[in-house]
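Number of protein chains: 2
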Amino acid sequence: MRTHYCGLVDEALIGQTVTLCGWTDVARNLGGVCFIDLRDHEGIVQVTVDPSNAEVFKVAASLGYEDVLQVVGVVRAREAVNAKIRTGKVEVIATRIEILNKAAPLPFHAHENPGEDIRLKYRYLDLRTPEMQRKQRTRIRLVQALRRWLDARGFQDIETPILTKATPEGARDFLVPARMHPGEFYALPQSPQLFKQILMVAGFDRYYQIARCFRDEALRADRQLEFTQLDMEFAFVRERDVQDTVEGMIRDVFREVMDVELDAQFPRMTWAEAMRRYGSDKPDLRIALELVDVAELVKSSEFAVFAAAAADPDGRVAALRIPGGASLSRKQIDEYAAHAAKHGAKGLAYVKIDEAGEISSPIRKFFAEDAFAALLKHVGAGNGDIVFFGAGAYNKVSDFMGALRLKAGKDFGLVQDGWKPLWVTDFPMFEWDDEAQRYVALHHPFTAPAVDDIADLRANAKTAVSRGYDMVLNGNEIGGGSIRIHRPEMQSAVFELLGIGAEEAEAKFGFLLDALKFGAPPHGGIAFGIDRIAALMAGTESIRDVIPFPKTTTAQCLMTGAPSPIPDEQLAEVHVMVRPKVS
Amino acid sequence: MRTHYCGLVDEALIGQTVTLCGWTDVARNLGGVCFIDLRDHEGIVQVTVDPSNAEVFKVAASLGYEDVLQVVGVVRAREAVNAKIRTGKVEVIATRIEILNKAAPLPFHAHENPGEDIRLKYRYLDLRTPEMQRKQRTRIRLVQALRRWLDARGFQDIETPILTKATPEGARDFLVPARMHPGEFYALPQSPQLFKQILMVAGFDRYYQIARCFRDEALRADRQLEFTQLDMEFAFVRERDVQDTVEGMIRDVFREVMDVELDAQFPRMTWAEAMRRYGSDKPDLRIALELVDVAELVKSSEFAVFAAAAADPDGRVAALRIPGGASLSRKQIDEYAAHAAKHGAKGLAYVKIDEAGEISSPIRKFFAEDAFAALLKHVGAGNGDIVFFGAGAYNKVSDFMGALRLKAGKDFGLVQDGWKPLWVTDFPMFEWDDEAQRYVALHHPFTAPAVDDIADLRANAKTAVSRGYDMVLNGNEIGGGSIRIHRPEMQSAVFELLGIGAEEAEAKFGFLLDALKFGAPPHGGIAFGIDRIAALMAGTESIRDVIPFPKTTTAQCLMTGAPSPIPDEQLAEVHVMVRPKVS
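In the order they appear, the protein sequences are chains C and H.
UniProt numbering puts the first sequence at residues 1 to 583.
UniProt numbering puts the second sequence at residues 1 to 583.
Bound-form chain C, shown alone:
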């Protein structure tokens, strides 16, 4: 239907007749001559219609936004060059215009900056904008670059089922009633975790899959019901085999897609160090601020909150110095306190030192003068700074002080440009869940502990470290993985420590325990969040921008209207009914 793409018409074609297809980006009648900006996926070219060609002119004069056209014309050098577009040196003098499809008046124009709901309802119109095309293309190029890289290195792209068994990995499963098995259900996979481990047992060596995963969780701005991960697994490996390989992959892919050179070696940091210095297991290293432990300097203070936390072996007293932070008003300081509270703080102490060296601080009175001076010296506080202090349980203090660090980084323009990747390693094996009064797995229950000895693990569960690792980029966990348990006895022991009894383990994970029995190789892997990496590359905060057809935070597709009611007869076929409302 066409000889060339609109956006690729250039001077080499001058004098030639071309046939183009595309959308009417805009059509104007200027001084008796019609100009049509004809657009396709490659770009825009100007089509010019002279009134001497009465029939064609009549068509051109009738055009509205987004009418779909086929245009035949001759390429000519343009008098008024438009340097803004690639085809700006030429125009096409139309000899024939056919309207392939007339467009109704549009519900909105992109420049009107409609709300996201309208954009999602008419997703096909939103996706036509150059900005959305650019974002989608970034994702397409990312996935293509990853596949090419993996294929060239012998990774095998293997499919795992979408209709599978409900085997909770922490999040809530999506359920699918089984028509052929009344009262039974399939579940959508939260990840291909178990299948990829099974593939290693089955003798595959290096597996990957760009896999759709499903978690029925509350949606936040950066979560979707379904999301996409690059899922990988390797047989006969230790941590560094996996890490070095995928670090190389990420570096190569950023070079290819973004023309960016990441660190030749990503920094490595234990979980403990990351929590201590940055109050986060996914520190944003673009922000130079660090937390400073001050327990030793405050343990004798009269401020009970500090003294108690400093004396508690599981406690922490940490300080965050913000250079220039003395400019914060009382109201702004309250905002910081509120932000800390949102992240679990019971209170937030501060010391503000104005440019003249004048100190204002609600906690100064609890300190002897020299102790206070020593404290300020220890945290490096000087004129113009503010220092926030948090005290309490170690992880809680780390969390909210880490959150303050991020807020301060943004508020004070302390986020450097560029890309700061790192590895976080040596995660705790277990986390104590106060509510459930039992351990939960920090990664997932298939993660190997650093110790090989089961008795040792049992005896030191609280402090046990796992063989898990995360790749972090600019404060985002973009990849998470681990060496897996490959011995059935260890897997059973870990289930037991997690409060999963032998019977429950057999019912839920019996096939995995079986598989580990019949010759499972040592193996490990990782999964990368494609949506998040694409969003980072595309420079957008929302992963919705890099998902062609995303759902809202209320879990709806505004374009198709999913989810929707289903006739009861159809539900009867799959042996379920809508539950009567309990009033």
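Keep in mind that the hints were calculated from the coordinates and are not lab data.
A quick note: this is a predicted structure, and the numbers were derived from the prediction, not measured.
Glycine is no exception: its CB is placed at the ideal position from the N, C-alpha and C atoms.
Treat each hint with caution, since some may be false.
[Unchecked claim] FRET-style restraints, in silico, Cβ to Cβ: (1) Glu98(H) <-> Glu131(C): 54 to 60 angstroms; (2) Glu435(H) <-> Glu496(C): 54 to 60 angstroms; (3) Thr463(C) <-> Lys84(H): 52 to 58 angstroms; (4) Glu435(H) <-> Arg153(C): 51 to 57 angstroms; (5) Pro565(H) <-> Leu106(C): 49 to 55 angstroms; (6) Ala218(H) <-> Glu112(C): 48 to 54 angstroms; (7) His111(C) <-> Thr463(H): 46 to 52 angstroms; (8) Thr540(H) <-> Glu131(C): 45 to 51 angstroms.
Once you have looked at the hints, place chain H on chain C.
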């Protein structure tokens, strides 16, 4: 953990120390020397353990099938070369063996030829066999070759949702209760059909996706609940643009994966011709047999069944000559009649001419001698042949005579080796559904009719031809596609002809009708069945062999035990309950 792969140890490594990891394929103690066949995904190498190395020997002598090992040893030229394996000229003299994971006694050995249920339950053991590895690799290579081909030509790999709206395309939807919307459901997509059309409206130009599709239908040997298709769509195209492109793709991919050269131009055949000559819309051209129409020659016969069908404008009387078919016994002929009956025949007439020219036929008596001779001459029947005759409604006769043709082809060894692709085109737009008393779409309701004029389509719905096309290979429909409707009025008219009222159309497909209104380009596409093509390439009848984790014909995963009962509390969270059994 290793320096080399087992299957790649070769003479270049003689004298070197290598570290290998793999499975104990077999371990034998022969005359005081231990030989271990160590296997990984690349193949097998012989590890030899001399008793002089007492410690290592003790480990070696203890080994059982499938124990997972790490072996350090020195590569040496082998005295007794084993020409059957790639590494047969060398062996590895073990200096250290570590058992990485001991394997329990296996539930079966591959050579015992266990039933498919056992193989599916222990899928990880079954997948370890060289035969299953070969089949899986064929699939992996197919998908990789397709992607590489498409990426090189500017096709964009774009994801479409798995949780979407119930929009029946003919088959039954899988439903997923929506937690955040009590009483509402998502559906799993039967194909990305509507989304890919929307992508064309959104300005993408050439889309592809290796997409998972879901149909809750009765499972046959070659069907699965979920299956994989290469889904493609093109903007601004006509039939030949799509067909020529993907024909080239299939040719290139067969060359790359199978080292096979397909026809430089695939034969093309209308649906009418395919039905007439082969009694099938997916003729297996490897079988040279053809149907012959004989209505003209039998319309005056006294055999009422023939005469009536010959006189009916919607009837058909067809003959199938099977060279050498006179060898069929009475019992075998009955089997052919039963096969025809299974495919809709009410009866099956035949004429058998033995080697001596003796004729036996239950219908001879209905014909005058010269008419009978003319009939035999017309169908080319000679000594040693049998000719089957079918009479009745055109499509029914075509169906069962086509089925006989396939059976005869197999029974008489008339299926040629090799690959016979073709295009089938010009399908009927609609099929009359006797039960529902209305038209149904032969492809799907978004397929464009060959006529552009709505009045014309309405007036001639019965004989209307669509712009659909199928790619057929060796009797399998491996790809099906069409030019789509891009004008909203035509889409509404087709919905109407299919008995989908304006209200229903709006509720189910309103977003598509909307999208067509706001500047939809002419577009078309195709979808290829990856499972089927992989099975054909791998030389297996069952697509289960090329799916890593397939379900049984009873829709179960025997390995994980899906589907399974779900606690009622969990169902309550998604607002459904299991329907009480109606007794």
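Verification of the hints:
no.	hint	in the structure
1	Glu98(H) <-> Glu131(C): 54 to 60 angstroms	holds, 57 angstroms
2	Glu435(H) <-> Glu496(C): 54 to 60 angstroms	holds, 58 angstroms
3	Thr463(C) <-> Lys84(H): 52 to 58 angstroms	holds, 53 angstroms
4	Glu435(H) <-> Arg153(C): 51 to 57 angstroms	holds, 55 angstroms
5	Pro565(H) <-> Leu106(C): 49 to 55 angstroms	holds, 50 angstroms
6	Ala218(H) <-> Glu112(C): 48 to 54 angstroms	holds, 51 angstroms
7	His111(C) <-> Thr463(H): 46 to 52 angstroms	holds, 49 angstroms
8	Thr540(H) <-> Glu131(C): 45 to 51 angstroms	holds, 48 angstroms
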